[in-house]
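Chain B: place on chain A using the hints.
Sequence order for the protein chains is A and B.
The numbering of the first sequence is our numbering, which starts it at 1 and goes up by one.
The numbering of the second sequence is our numbering, which starts it at 1 and goes up by one.
A few of these clues could be false.
No more than 25 Å apart at the CA atoms, straight line, and that leaves these computed lysine-lysine pairs for PhoX-like [unchecked claim]: (1) B:K115 / B:K71; (2) A:K9 / B:K111; (3) B:K54 / B:K68; (4) B:K71 / B:K5; (5) B:K71 / B:K54; (6) B:K56 / B:K111; (7) B:K115 / B:K54; (8) B:K68 / B:K115; (9) A:K9 / B:K54; (10) B:K56 / A:K57; (11) B:K54 / A:K57.
Non-contacting residues of chain B with respect to chain A, defined by C-beta distances greater than 10 Å in every case (computed) [said to hold, decoys possible]: (12) S12; (13) G16; (14) I18; (15) N22; (16) E42; (17) R61; (18) K71; (19) Q81; (20) K111.
Selected chain A positions facing chain B (in silico; Cβ < 8 Å) [to be verified]: (21) S2; (22) T5; (23) F45; (24) A56; (25) G58; (26) G84; (27) A87; (28) F90; (29) E101; (30) Q102; (31) Y103; (32) G107; (33) V112.
Keep in mind the hints are simulated off the structure, nothing from the lab.
Every residue, glycine too, gets a C-beta built ideally from N, C-alpha and C.
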Amino acid sequence: DSGVTQTPKHLITATGQRVTLRCSPRSGDLSVYWYQQSLDQGLQFLIQYYNGEERAKGNILERFSAQQFPDLHSELNLSSLELGDSALYFCASSVVDRAGEQYFGPGTRLTVT
Amino acid sequence: DQQVKQNSPSLSVQEGRISILNCDYTNSMFDYFLWYKKYPAEGPTFLISISSIKDKNEDGRFTVFLNKSAKHLSLHIVPSQPGDSAVYFCAASDVDYGGSQGNLIFGKGTKLSVKP
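So that you can see chain A by itself, here it is in the shape it has in the complex:
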């Protein structure tokens, strides 16, 4: 158990809808990262927050947004969902905002029908 929790585990929704994925980092970790893993792709970095502030952006679509709250949990919002958004979404956390080990949650499997 990495100490990172993600809810929900599974999510099935229709195209055009909006969903929110939630992540609680390990106790003491200030940095949260979101990654997407599609069937034919490796883990793709989406966005990073550090202590409530956006720190880095990767391949995140404009339809997606995220935030980190004062209690350090983070939410990833996905809107106007398309079939191609079906994927595993992982959250990871680390103590600092620089290169180092990241600890991953179990992921949320999103299925868009």
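Just chain B now, kept in the frame of chain A:
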């Protein structure tokens, strides 16, 4: 274009033998490298890392080798055990300690099967 490549999608090894997983990268700015192991229905688990100032790092049965001139790293598992069967991801970061970013660039993974 993939910056981190794991060219072998799968690898099968006999229990007790050495497993060698390979990873190539293209970005010369990468200076910190990690290996993660992933079991089905779980998130990736950190295994071992290496900074670009080193060429080898060892942790028990796991050793990572870095060849900067070839932009290549490898993970050696000796001896391999059936419980090592998992998908192994190589990852790289382009900011060393003291920087302000930590996002990782991952390869697509190599599925290791260790047969009893």
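Evaluated hints:
With a C-alpha separation of about 30 Å, the suggested pair B:K115 and B:K71 falls outside the 25 Å cut-off, and the hint is violated. As the CA atoms of A:K9 and B:K111 are separated by approximately 23 Å, the hinted pair is consistent with the 25 Å bound. At most 25 Å may separate the alpha-carbon atoms for a hinted pair to count; B:K54 and B:K68 meet this at roughly 9 Å. About 11 Å separates the Cα atoms of B:K71 and B:K5, which keeps this hinted pair within 25 Å; it holds.
Between B:K71 and B:K54 the CA atoms are separated by roughly 13 Å; this keeps the pair inside 25 Å, and the hint holds. Simply put, B:K56 and B:K111 have alpha-carbon atoms about 23 Å apart, close enough for the 25 Å limit, and the pair holds. For the hint pairing B:K115 with B:K54, the CA-to-CA distance comes to about 32 Å; that exceeds 25 Å, so the pair is violated. A C-alpha spacing of about 32 Å is found between B:K68 and B:K115, which places the hinted pair above 25 Å, so the restraint is violated.
Between A:K9 and B:K54 the alpha-carbon distance is near 39 Å, which puts this suggested pair outside the 25 Å criterion. Using a Cα cut-off of 25 Å, the hinted pair B:K56 and A:K57 is violated, with the two alpha carbons roughly 31 Å apart. Pair hint B:K54 plus A:K57 does not hold up; C-alpha atoms about 29 Å apart against a cutoff of 25 Å. Consistency note on B:S12: stated as away from chain A, and its beta-carbon is indeed over 10 Å from all of that chain's, at 21 Å minimum.
Residue-level check passed: B:G16 sits 29 Å from the nearest beta carbon of chain A, beyond 10 Å. With a least CB separation of 25 Å from chain A, B:I18 remains clear of the 10 Å interface cut-off, as annotated. The claim that B:N22 is not at the interface with chain A holds, since no C-beta of that chain comes within 10 Å of its own (minimum 15 Å). Non-interface status of B:E42 relative to chain A is broken: a Cβ of that chain comes within 10 Å, the nearest being about 6 Å off.
Listed as outside the interface, B:R61 is consistent with that label: its C-beta sits roughly 18 Å from the nearest C-beta of chain A, beyond the 10 Å cut-off. Listed as a non-interface residue, B:K71 keeps its Cβ farther than 10 Å from every Cβ of chain A; the least gap is roughly 17 Å. The beta carbon of B:Q81 is kept farther than 10 Å from every beta carbon of chain A, the shortest such distance being approximately 21 Å. Every C-beta of chain A lies more than 10 Å from that of B:K111, the closest at about 12 Å, which supports listing it as non-interface.
At about 6 Å, the closest approach between the beta carbon of A:S2 and any beta carbon in chain B falls short of 8 Å, and the interface hint on this residue holds. Interface hint status for A:T5: violated, as the beta-carbon distance to the closest one in chain B is roughly 10 Å, over 8 Å. Because the smallest distance between the Cβ of A:F45 and any Cβ of chain B comes to about 4 Å, under 8 Å, the interface hint for this residue holds. Interface hint status for A:A56: upheld, as the beta-carbon distance to the closest one in chain B is roughly 5 Å, under 8 Å.
The restraint placing A:G58 at the interface with chain B holds, with a minimum CB-CB distance near 6 Å, inside the 8 Å limit. At a threshold of 8 Å, the smallest CB-CB gap from A:G84 to chain B is about 18 Å, leaving the interface hint violated. Look at A:A87: its Cβ only gets to about 14 Å from chain B, farther than 8 Å, so that hint breaks. Because the closest C-beta pair between A:F90 and chain B is about 5 Å apart, less than 8 Å, the hint holds.
The beta carbon of A:E101 is positioned within 8 Å of a beta carbon in chain B (closest approach about 5 Å), and the interface hint is therefore held. With a cut of 8 Å, the hint placing A:Q102 at the interface with chain B holds, because the nearest CB-to-CB distance is about 7 Å. About 7 Å separates the beta-carbon of A:Y103 from the nearest beta-carbon of chain B, less than 8 Å, and the hint is met. Interface restraint check for A:G107: the shortest CB-CB distance to chain B comes to about 5 Å, inside 8 Å, so the restraint holds.
About 20 Å separates the beta-carbon of A:V112 from the nearest beta-carbon of chain B, more than 8 Å, and the hint is not met.
In this structure, the hints that do not hold are numbers 1, 7, 8, 9, 10, 11, 16, 22, 26, 27 and 33, in rising order.
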